[in-house]
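Asks: Chains as they are written, first to last, in the working numbering: chain A, 2 to 727; chain B, 314 to 569; chain C, 472 to 607.
A hint or two may mislead.
If you only want the chain B side, here are some residues facing chain C, beta carbon under 8 Å, derived [claimed, not checked]:
#1 I372
#2 A376
#3 I377
#4 S418
#5 P422
#6 T427
Label-pair ranges, simulated between beta-carbon atoms [as the list claims (entries may be wrong)]:
#7 A:A255 with B:R438: 27 to 37 Å
#8 C:P556 with A:D186: 33 to 43 Å
#9 C:R569 with A:A132: 13 to 23 Å
#10 A:G407 with B:D460: 44 to 54 Å
#11 B:R438 with C:A582: 41 to 51 Å
#12 A:N4 with C:G515: 38 to 48 Å
#13 A:T699 with B:G546: 48 to 58 Å
#14 C:R569 with A:D404: 31 to 41 Å
#15 A:I262 with B:G340: 32 to 42 Å
#16 A:A263 with B:R544: 45 to 55 Å
Counterexamples of contact, computed for chain C against chain A with all Cβ distances above 12 Å [as the list claims (entries may be wrong)]:
#17 T485
#18 N530
#19 P531
Because the hints were derived from the structure by calculation, they are not lab data.
Glycine is no exception: its CB is placed at the ideal position from the N, C-alpha and C atoms.
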Amino acid sequence: MVNLRDEELQRIAQQLGRDPSVVELHAFDAAWSEHCSYKSSRRFLKNLPTSGSRVLLGPGEDAGILHLGTHDGERYAVVVAHESHNHPSQVVPFEGAATGIGGIVRDVLCMGAEVVAVADPLRFGRCDDLASHQSHIARAAVDGIGAYGNAIGVPNLAGDVYFEHGFDENCLVNVVALGVVNEKDVIHSYVPKGAEGWQIVLVGKATDPSGFGGASFSSLTLDARDAELNKGAVQVPDPFLKNVLMRASYRVFALLRERRIAAAFKDLGAGGIVGCSAEMTAHGGYGAQIELSRVNVAVEGIAPEVIAVGETQERMMWVAPLEFVPDLLRIYNEEFSLPEVAYNARAVVIGEVTAQQRYVLQYRERVVMDVESEFLTGTINDELPYTEKIYHGVSAQELPAVDIEGIFPRVLAHRDVCSREPLYRRYDSVVRGRTVLPRGAADAGVLAPVPGSRLGVALAVAGNPRYGRIDPAYAAEQAVLEAMRRVVAVGAHPIGLTDCLNFGNPRKAEQYGEFVAAIEALARAATELDLPFVSGNVSLYNEAATGRAIPPSAIVACIGSIADIANVITPGFKAAGSALLWVGSRELVGGGSVLAELLGHKGTLPHIEYDAERAALAIVRDGIARGVMRSCRVVADGGMLTAVARLAFDALLAGRKLGAEIDFGNPLCEAGGFVCEIGGDSGMDVTGTLQIGTTIDTPELVVNGTRFDVERLYETWSQPLAQLYP
Amino acid sequence: MSARIAVPVFPGTNSEDETLRLLRDCGGNAELVHWSQASNLAHYDAYVLAGGFAYEDRIRAGAIAAHDRMMDSVIEAAGSGKLVFGICNGAQILLEAGLVPGTGSIRRPTAAFTRNAPAPHFVCRHVYLKLAIEPARCAITAALPEDAIVPAWAAHAEGRLAATPEHLREIVAGGHLAFTYAHSTGAVDQAAIPNGSALGCAGLVNRAGNVLAIMPHPERDAWNFNHLDRREGDDVLATSGGSVLFRSFVQALASS
Amino acid sequence: MRAVAISLKIPDNTAFTAAVALRRLGIGVERVERSEIWFFEEEGSALIERITADETIFNPNKHCVTLLDEAVPRSGEVWIEPLEPRHPDPSTSSGEGRRATAWRLFGPNEATLDRESLGAAVERLLCNPAIERAVY
């Protein structure tokens, strides 16, 4: 079964001058699926800013690359990729989420990088009933992410989670991976000039029928009745094999460096062998000739079209010069003994690069595919109609005065605010010994990725579905701002962004319009803040059979650089008597806030003012530079007072019993900005900030005269998710 | 030439780099030995088995690795009195190999680090180890002060000591309980134990005192930059915290 | 009581690794089948409903179910059970019940392993007697 539409089939037949073969049909089905071709998103995605002084590589290959800093005269870069594995995680949550991590890790690895961190933005259905299908997915997906990342030894550094009815039938499992590479050792996903006659080497797991139809599967609306039919799209994770593959690949990288040999390396993702080999050769201006019967398979009798486009996990492809191939095979097959690690896993030569730009597949010496490379890999567009979305700021009533004593504990216990620790403590956040701020310790995770160096990298994600429900474009813009603020709040300098756009059905003008509006908003925010998008992914058709789409979810990750990890802001209040400043927007509006939801109030969305945003960033960075920034947190879910409480919790966990006195009209607004603890006589220009209070030497929060015990608030905040994640 | 330390790398090991780096930062002459070079392993003076998931802990944590060819050398070395130190997966392998507590015979385990309880899940949590033996009882801890407290990270799904009541009695009576979990103050209670481990056990030593197996990772809280509560002015790249145990190991090797 | 074997219909990596490890120990294993054995009081359609209602036990996209005629291991098979009662797991309806991991070993020509070889596999690798019992 293929999902190509009639006009697409006609186009293929016309170009070939004949009916396509079965293999060709499946190859085009994968290549022209939304997942591979971005056919309905490409024309909008090109509006995102993707260049800048830090950008070594923007979108287009397996991952983007940003300059991080210099150590010992060597220039280092971070490699970052961001994807979704939503549909597979809905069908088989453990395996689906695990293979999400497996795939994103390969994207970073294939740039020649050492993989140093992962992150996992998650959106699940409501899990109030612990025995529900939604709760099962929420647990199994987390266990899959943990099982995979923990075993390969890559720390989970950042992530977030929301539980909304809008995700009841379509969970979102987004994954981000980060790598580090010496800039002169980057390996590209396509062959360089002079690659004619190079050999195409498939590495990894034996190809099996799993994941056949995966590319078009992830571009289809999910229907419960089809679950059984979709079983072919179930992918099987093997983190043990991946652990070995990663280390074997590092060994190959070292040998390539030593011998100063160039080669191309790419992950097999959507579209399998065809998708990967066609791009690697065509983008270098070459063709390929491949013999499918040379592919190591898991079971005899797999049809050639399955070998050609099946998406068996844990596979990668090298295209390398002849003289290097024996070493390549020896490292994977003998030194790292792949055949003993997984059934029939190995590195095997399956074809070669050809001068004429044709993509030719043979199976048992019979030609089963012969097309122009450019036709297969070239861009295609789907000009679908969409409804232009213009959102008018709802002029709602202002928030009523709140009973802070009663409502604040409810805000802290809210599913969007309460501690995520029960979830993320299932993830290894400290393996490899390079962690500076582990998952959950602060607004962003921080690593020292280059051993022996003071360079640091910060990573954070954001994407608030409460905003998404109200205004997809606003939510997208805020996602950029929040991700960036999080990185700033640990003392890092934001250098780049990635995104995953999780939306509904592009064939429905209304849902497509949300998507288009969100991209415009991302572009606006990134342009205003001068931050490039270097990697990203689009996940459409997140719609249940009932036609209900998810809350539009533009999820953004921000990468920050740190010149000296000694300047990272450590968590929690440091001392009594510090000034607490609210830096940034402080509008007294409640639209999209947790407070508004609890009160059943609509409220106005806070305005986004880029001048104010840039000024706030400058103040925070000035405070760090002067060494007076004792602690800092962003104002996000749960509002300013939640940020203050988190700083007190962080101090409590570090054994410092400190609190704060706060005097501010409605401290539960989520207008954005930062809460900063500023020590001593700072001498800072704090124009535009507001002192909202002072730290005190008792573990209490005194809010407009109302007293809260920090330890009791901590109990309230830390417990709720322990039900779902015991 | 100072004594040579091997860090064997099994298929699935994942903490080899930080283990190696910390050994070297503590003055040890250490190198990785990959499974394809198993035959070289006999030529070393001491062994540190790093964390990870050797053979992905399939069947049981450490079970398949305990039969790996590399363990033939380690078992022989342990029998001849060389120092062997296992961390996390390394500890699980030493138990499955029967080297600790060492109350049975080789590759016939009398205890296990097994599935956490009550929640049977992976747990990543900062913890403290408390030395529960006289420092000199184990060569590797000999340079630690009495009742030493060592910061570390627990990061495992199978870290709970379990054995039959009879074997647990042997562990206590034989002085095999090397480390327990504790709070930073040294106080010991259930809340300090991340995994339901019997006896609050975080580490075991063999009878001769040359083989030590601990579940938590001191090498992940070993440089100043790893500490959330580091002080301003501390050199972020200097070793501290959990590195005391590695220093003690390197010192023991120098004096043996 | 009805014993039910739930196995993977997707490739079982663990079973492959177990087979490789057993061969290295000199045990003549060609192939290993692994399944989780659950024990239920229900019979007939109630049993099917019970199994399919709990996703932690059974997901049709990756599992297959075999209802065993008797609550004992099949030929060439060992059941490994923990010595301690399992702790309750609130995430599954079958948290506290008896459960075992079954390993079924096949030699050349798909013949199941004889009892002696199976015993060697159990003693040397499949069972840690400090925490588990083997039924075969």
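Asks: If a hint holds in the structure, say so; if it does not, say that too.
Replies: The hints, checked one at a time:
1. Against a cut-off of 8 Å between C-beta atoms, the interface hint on I372 of chain B holds, since the closest Cβ of chain C lies about 6 Å away.
2. Nearest Cβ of chain C to the Cβ of A376 of chain B: about 6 Å, under the 8 Å cut. The hint holds.
3. A least Cβ separation of about 4 Å between I377 of chain B and chain C falls short of the 8 Å threshold, and the interface hint therefore holds.
4. For the restraint placing S418 of chain B at the interface with chain C, the shortest Cβ-Cβ distance is roughly 12 Å, beyond the 8 Å limit, so the hint is violated.
5. Below 8 Å, beta-carbon pairs count as interface contacts, and P422 of chain B has one with chain C at about 5 Å; its hint therefore holds.
6. The interface hint given for T427 of chain B is met, as the beta carbon of that residue sits about 5 Å from the closest beta carbon of chain C, less than 8 Å.
7. At roughly 35 Å, the beta carbons of A255 of chain A and R438 of chain B sit within the given window of 27 to 37 Å.
8. In this structure the hint that P556 of chain C and D186 of chain A lie 33 to 43 Å apart at CB is violated, the actual value being about 54 Å.
9. Between R569 of chain C and A132 of chain A the CB atoms are about 21 Å apart, so this pair conforms to the stated range of 13 to 23 Å.
10. The hinted range of 44 to 54 Å is satisfied by G407 of chain A and D460 of chain B, whose Cβ atoms lie roughly 47 Å apart.
11. Distance hint for R438 of chain B and A582 of chain C: a CB-CB separation of about 48 Å, consistent with the stated range 41 to 51 Å.
12. Take N4 of chain A and G515 of chain C: their Cβ atoms lie about 40 Å apart, and the range 38 to 48 Å holds.
13. Under the hint 48 to 58 Å, the C-beta atoms of T699 of chain A and G546 of chain B, about 28 Å apart, miss the expected range.
14. Between R569 of chain C and D404 of chain A the beta carbons are some 52 Å apart, a value that contradicts the proposed interval 31 to 41 Å.
15. Restraint check, I262 of chain A to G340 of chain B: a C-beta distance of roughly 37 Å satisfies the suggested window 32 to 42 Å.
16. Checked against the hint of 45 to 55 Å, the pair A263 of chain A and R544 of chain B passes, with Cβ atoms roughly 47 Å apart.
17. T485 of chain C, annotated as away from the interface, has a beta carbon of chain A within 12 Å; the closest lies near 9 Å.
18. Against the 12 Å criterion, N530 of chain C falls within the reach of chain A, whose nearest CB is about 6 Å from its own CB.
19. Distance to chain A contradicts P531 of chain C as a non-interface residue, since its nearest Cβ pair spans about 6 Å, not more than 12 Å.
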